[in-house]
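Listed here are the chains, written in short residue letters.
2 protein chains.
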Amino acid sequence: MAKKYVYFFGNGKADGNAGMKSLLGGKGANLAEMAGHPELRLPVPLGFTITTEVCTYYYQHKRTYPPALKKEVESALKKIEGIMKNKFGDLENPLLVSVRSGARSSMPGMMETVLNVGLTEKTIPGLIKLTNNPRFVYDAYRRLIMMYSDVVMEKAAGIETKDDMGIRRQLDRLLEEAKHKKGVKNDTDLDADDLRELCDKFKQKVKDVLGKNFPDDPYEQLWGGIGAVFASWNGKRAVAYRRIEGIPGDWGTAVSVQSMVFGNMGDDSATGVGFTRNPANGNKHFYGEYLPNAQGEDVVAGIRTPAPVNESSKNAHNKHMTSLEKSMPKLYKALLNYQKRLERHYKNMQDIEFTIERGKLYMLQCRVGKRNGPAAVKMALDMYKEKLITKEEAIMRVTPSQLEELLYPVIDPKAVAGENPIAMGIPAGPGAASGRVVFSANDAVKLAKEGIKIILVREETNPEDVEGMRVSEAILTAKGGMTSHAALVARGWGKCAVVGAGELQIDYAKKRCRVGDQTIIQGEEITIGTGEVITIGNVITVDGTKGVVYKGQLPMIDPSEENETLNSFLKLCDPFRRLKVRTNADTPEDAKKARSFGAEGIGLFRTEHMFYGKGAEVPLFLLRKMIVSRTTDERRSALNELYLYMKSDIKGTLEAMEGFPVTIRLLDPPLHEFVPHEKAQMENLAASLNISMDDLERRAQGLRESNPMMGHRGVRLGITYPEITETQARAIFEAAAELIKAGKKVHPEIMIPVVSDVKELANQFEIVKKVYNETLAKYKLKKFPYMAGTMIEIPRAALLAGKIAEIAEFFSFGTNDLTQMGFGFSRDDIGGFLPCYLEKGILPEDPFQTIDIEGIGEMIKIAVERGRKTKKNLKIGICGEHGGDPMSVEFCHNIGMDYVSCSPYRVPIARLAAAQAMIREKEKAKSKAKKGKR
Amino acid sequence: MAKKYVYFFGNGKADGNAGMKSLLGGKGANLAEMAGHPELRLPVPLGFTITTEVCTYYYQHKRTYPPALKKEVESALKKIEGIMKNKFGDLENPLLVSVRSGARSSMPGMMETVLNVGLTEKTIPGLIKLTNNPRFVYDAYRRLIMMYSDVVMEKAAGIETKDDMGIRRQLDRLLEEAKHKKGVKNDTDLDADDLRELCDKFKQKVKDVLGKNFPDDPYEQLWGGIGAVFASWNGKRAVAYRRIEGIPGDWGTAVSVQSMVFGNMGDDSATGVGFTRNPANGNKHFYGEYLPNAQGEDVVAGIRTPAPVNESSKNAHNKHMTSLEKSMPKLYKALLNYQKRLERHYKNMQDIEFTIERGKLYMLQCRVGKRNGPAAVKMALDMYKEKLITKEEAIMRVTPSQLEELLYPVIDPKAVAGENPIAMGIPAGPGAASGRVVFSANDAVKLAKEGIKIILVREETNPEDVEGMRVSEAILTAKGGMTSHAALVARGWGKCAVVGAGELQIDYAKKRCRVGDQTIIQGEEITIGTGEVITIGNVITVDGTKGVVYKGQLPMIDPSEENETLNSFLKLCDPFRRLKVRTNADTPEDAKKARSFGAEGIGLFRTEHMFYGKGAEVPLFLLRKMIVSRTTDERRSALNELYLYMKSDIKGTLEAMEGFPVTIRLLDPPLHEFVPHEKAQMENLAASLNISMDDLERRAQGLRESNPMMGHRGVRLGITYPEITETQARAIFEAAAELIKAGKKVHPEIMIPVVSDVKELANQFEIVKKVYNETLAKYKLKKFPYMAGTMIEIPRAALLAGKIAEIAEFFSFGTNDLTQMGFGFSRDDIGGFLPCYLEKGILPEDPFQTIDIEGIGEMIKIAVERGRKTKKNLKIGICGEHGGDPMSVEFCHNIGMDYVSCSPYRVPIARLAAAQAMIREKEKAKSKAKKGKR
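Chains A and B, in that order, are what the protein sequence lines are.
Letter by letter, the first sequence follows residues 166 to 1099 of this note's numbering.
Letter by letter, the second sequence follows residues 166 to 1099 of this note's numbering.
Hints may contain errors.
Think about it this way: if two alpha-carbon atoms lie no more than 30 Å apart in a straight line, the pair counts; the simulated DSSO-like pairs of lysine-lysine are [to be verified]:
1. Lys250(B) <-> Lys169(B)
2. Lys1026(A) <-> Lys1026(B)
3. Lys924(A) <-> Lys401(B)
4. Lys1005(B) <-> Lys1036(A)
5. Lys844(A) <-> Lys344(B)
6. Lys1034(A) <-> Lys968(B)
7. Lys449(A) <-> Lys491(A)
8. Lys401(A) <-> Lys968(B)
9. Lys1005(A) <-> Lys169(B)
10. Lys935(B) <-> Lys327(A)
11. Lys1026(B) <-> Lys1037(A)
12. Lys1036(A) <-> Lys1026(B)
13. Lys401(B) <-> Lys1093(A)
Worth flagging that the hints you see were computed from the coordinates, not collected in a lab.
Given only the sequences and the hints, what does the whole structure look like? Please build it.
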């Protein structure tokens, strides 16, 4: 059978349906469904869709059409004319049509549309007679000329112009001139004569600029429009969009040709848009806006404020206006019925467009409606309760980033529209926040005490800044990437942060900040309560979810503690997961918070974090003493003091986790990170060690490294200074033993970081085992549960995982370091090239944000396979920052990990992502089984 | 059949032979061979060997012997007595024996020996009567007491003593006292009475100290001696030695019991050692020394100067002495005959021991003789020419480190014996050198101009030091590893260097250097020709082959240009290699040198090296200008100037390589490495860019990175600044085009470094291809050969090699970086932990010196497999520092690489190693085939 290129729809029938998106495009398939499905049969303006196969043919055959197309289009047009009782190009009763694109996947604004096709010098008089509205007709004509000359005669013809010289812009100027001449402001103030005159000028201009007459033949207009849509599929913008979104270039677009209906034919006409439920909060009410006597594009253009369709759509801006419900109750009732049927039919919230032409309601479009996070969660839950969708469908309805909106305040999207960012960076900590800028952590602490909301702005942060970071509303740095100190700390706290905003030129001395030649932050001296004078900068707003910084204070939307909904939704998800979700937490407080978010253990407790922030002074001092020690005795003496602090910290955390496993990573960072920079601190330290400042500086200098990330850190410290491992093991085991004695449940897991060889692990396990036995003896215990395992974060360890698994009881992938070493990308230095890599498409994503499945993922896969080959039930998890990234969570699920671990605020997201991964896996298995049967 | 534990030898017969080393130990097997093989049947003192199986039994059965042993020993003893016509313990004609250890693999000095066993109060009179030499007998007795009490009664009994309290030391003191009392200096000045008295005192002391009588029963002595040898197998020193040498603990030692012969029985007696060829130069002359009227241990102890065995063994010290050839011509002739037969039999140079007892010649030992490098090469060549050995055997006879001795001066081993090193570090540049210490490169340059030999001592070096490094005899640094800047530069030049000598505390200000509390280098002010006063340190000697530093000037041995021998030997090797050998060279001079060493191309030409050293001022300045450029225009302008220098450098190198392939690596290091530190240079740069110093400093600061090794470098520079790649490609292609126009042959290979993804490569290749086409057009050429490939030095690239090979025409493994990233070891920072790792046996070797086959090797293997799967004939080489390491070369051979590339001075070593790898491969294949047949 010959291929069918044209699919008719309307009048209760349709050749196609919603399942034919790849052939008819999203728009065409939905129009067919609305028009023809027995459950719907809605009043859709008649039309037909030219298939995507024609697009493919068009590009494969030097921009020509299949020979059969012309006839099919003409016959479809005839069918419309037969039902509509009018005729394309008819002098008395002319049919006008729209020509629109429609790809399989939505590409909003990327392709072209031409309206009012069929309006010519010859058909104008008939239409005027028919509508008795010459202004409407000339207005439609000037719109046709503007769109057509731009889309078909210029763009599709491949004429390249600079912005100011394009035909569209030139016609716009003529329109402005006409209004200016008449002394009016709005297009609507031009009358029929003005517009007729304008149309003549337009046509003259088109001829002057493009060297061609504006076509006066309706068929020429139609084929021109169809060709322009196909041509726009390979327009620059569309190609760029597809590359970013990963849409294949050979999918092609369909073209829908539909008879025009007009909402601007008088007071019995109107046009509007609506959502079957409120997209902002998910409430189950029809929600929409309409404009009486207007065309669709007027709603979009925002020239007039639209009125609410009903009472429940009223808001502060439009509550005084008459709703459609009141003004056209009968039509509203029909609309209400249609939207309800659409939602029930599609089993999802629908975004609809409608037009009322002289008292008759037409449905122009329907599609799945966009919604914000809280609305997505509420709708998913409600629709599941209404038995509209299954549990699985409900879970799949919410994207992880929508869930994120329930956890943090965000900038009101309306407020952002008009604002220009003053800087862009890497979104490192979620949510948004406003405050006054300070450039030093000390100032931050002092000003926060005064109750001033502040934002800490630094080149980069280090452990000494932590207290200042904690009291800040947000953190903004000029350097660093997703796993820089600032980003790690911020994310751990769920605090808003933007890092690596490279354009910022911070002048600490002058307490100001410039971008290019502009000063964006200017300091001002204020006197605080203590009488001290501190310089503080102006207010900025930081969007840590998007990585954008604005000047001034922008309005926020608070998720307003949707905890009940959130928890109900997550409880729905939990039974579907195979992956456990743990958290990265370093304090009893974080541990408790993570438990409240549903964490099933701690996947990463960093011992070194007790040296940051509040209460860290004494332990940090002791750590420094230990670090600059030269002899084992000096070091042991510092460690013995430090040990008590370690024990208490660990004990609190073990207790907070109520018997859930707690993975404690032994000291990881290069020691010199902790060496003090301030003179007073150095002097204090020298005095305590009874050495000279010179001597201390020499020792500190000796710790400096060229590439500390690959230096003397992690297990390498434990090997060279066994007493460091011993002390930590003692703190962990004695904390556990004391809790057990007090009748509590504990499950510590000791994790050795930066391992590259099994012998390193053997060396450390021997120390751990020895201390364990000593602890049993000391506390008169027979045994208590503990595990000893390793991070897999060094490429060599991944390859040698089979050997390492001979003694490791668990693996935890440190994907930050694995990504660093695997790519040879220093996380702190990627600012110089990663943005360029993403822009040029060399990398699809920041590999520190989403696991690079192809490369680093391959390493992980090798390690999992080799590890499990040696030890079948090896416990495997991930504790890098990727543990909270949905795509990475799915990867972890797919390769069979046991758990992911992420910062407390991302635990809910990981729970969702893990459930979705499992559902997707089942769906794939089902569809595979189906295929197998066929 | 019952196991045989005792193997008799002597009198023209032997139960064993040389092939039974694992059962009889090296010594026992060779004694059997000498005594019993039909070709030899040399006069070996009769004896028997107790097998290593007895040792194994001994340790498996709580230090007891197999029941059958006693009888077998007694019967072997009987056999000796029967032939010798004497008897163990006999009053009139007593047999004396020696008891010696002998492991499968030589463990010199690690195990015990007891001589003169069987001498008791009862047998002394008979022996006196027999020898008519009471002094000889009492001397033998006091030796027995000294050895036996030490070895058997103290050490084997497990009595631990501090050095000063050991029985041996206490008896030594009694000996000293006796000489002191008599007023003489030498042992030989004591007469028979003195010695008899001393023996009595010895026995009393033994009883006092060890609480036991010295055994007076010959059998007790014998079994004590045997037990002591077995016990010494697990002595501390032996265990440590085995661990270092990788000798398994369960091999065990054999014990050889042999009738004593005495070279100290008068003027018709003598003892000596010899080599069948000269071990110092390989000359084909019997070479040896002897002492008349002396025992073997006297030769070793060096109390008397030995005489030469013949005329050709004469040297400055002994030329006045009478040779054995002259003093005992008949015996010498016999000896000459024996040694010749031994060499012919063993087909290798033999190290022999002999004793003449009252005019009768005995052969005591023979083994393969140690030799130095030049001798090894000469002997291998000569023996091949003599048809004594095959080509393959000749090639396998020379170790790569022996070959190295032919390339560099070394410290005279005799001179080192008494010296204590003042510091130890990593052997980074070959050979040895002496000179006065300077602490600054500038001073080095000035002093070298004065003709003073200097050694540059620095914490670490950087590009600004290069001129000073070049003029130094050697380089010594406190920091850095095998691939630090200092090591890389030194090795490239074949210059002596020790790096990472961590104990050095360099005080630049005071121009001195301390180790612990000791000042080892002290500055002294001198006035040089220009009138300038410079501080210069004392003389040190640096051994860059061993990584050791000595105070003062030590005598050197110069390889004295053995070029002819070297070349003949390497020509022997070449046909056996499958691997090509290329060189890492950055200048036309280096390229020429490498060609003279036989390099078959350049595997690594580093474009950045034109910015180091002599003549680098202008290019370096231009590079700096380029680096701190902020706009593309600024950068292009600097690059356009730089381009001419690049072209000329590359042209010279391409020309020097005469059509051999030259792999040119595009700019690799992080840019900030080149930012100047000196103020004058900064000012100059700022002026040239027409910017303020503030501005320049800010730009320089912006280039600073936390982990530059994983920062903005290599291909990342080429992606962010395509003009850098473009300029380099232009320099390469235009250099090539100009040479082709001049009728020369060229083969440039463009290599992109630090690649982690195929898209990076695609991006760069596009630029390269464009420039290539432009060059063809400019020079009116149709085409010329070039290749475009990549370094594989990032773990991710190794895993994704299959994809990368889709466009790469060759791979070159950058094993330095692959080791850095694979292990997460920063080459500059391993000083903090690597020594500890090696000491604790966590790593078997420095992985920057020898490829870590297990881990990094696995990565390379994966990359080779995946790369060749995509492109079957993919050209693969290695250009890391490992390319000159013999073990690594063998690995490269085994996994099927096409070539290795190393610094010019290591090319001969790689040629040898590659040939040996091939021969080993063939041998394995043969022995596998043999096994298959069986």
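Now the hints, each set against the structure:
no. : hint                      : verdict
1   : Lys250(B) <-> Lys169(B)   : holds, 25 Å
2   : Lys1026(A) <-> Lys1026(B) : holds, 18 Å
3   : Lys924(A) <-> Lys401(B)   : holds, 23 Å
4   : Lys1005(B) <-> Lys1036(A) : holds, 27 Å
5   : Lys844(A) <-> Lys344(B)   : violated, 67 Å
6   : Lys1034(A) <-> Lys968(B)  : holds, 27 Å
7   : Lys449(A) <-> Lys491(A)   : holds, 20 Å
8   : Lys401(A) <-> Lys968(B)   : holds, 29 Å
9   : Lys1005(A) <-> Lys169(B)  : violated, 78 Å
10  : Lys935(B) <-> Lys327(A)   : holds, 28 Å
11  : Lys1026(B) <-> Lys1037(A) : holds, 26 Å
12  : Lys1036(A) <-> Lys1026(B) : holds, 25 Å
13  : Lys401(B) <-> Lys1093(A)  : violated, 66 Å
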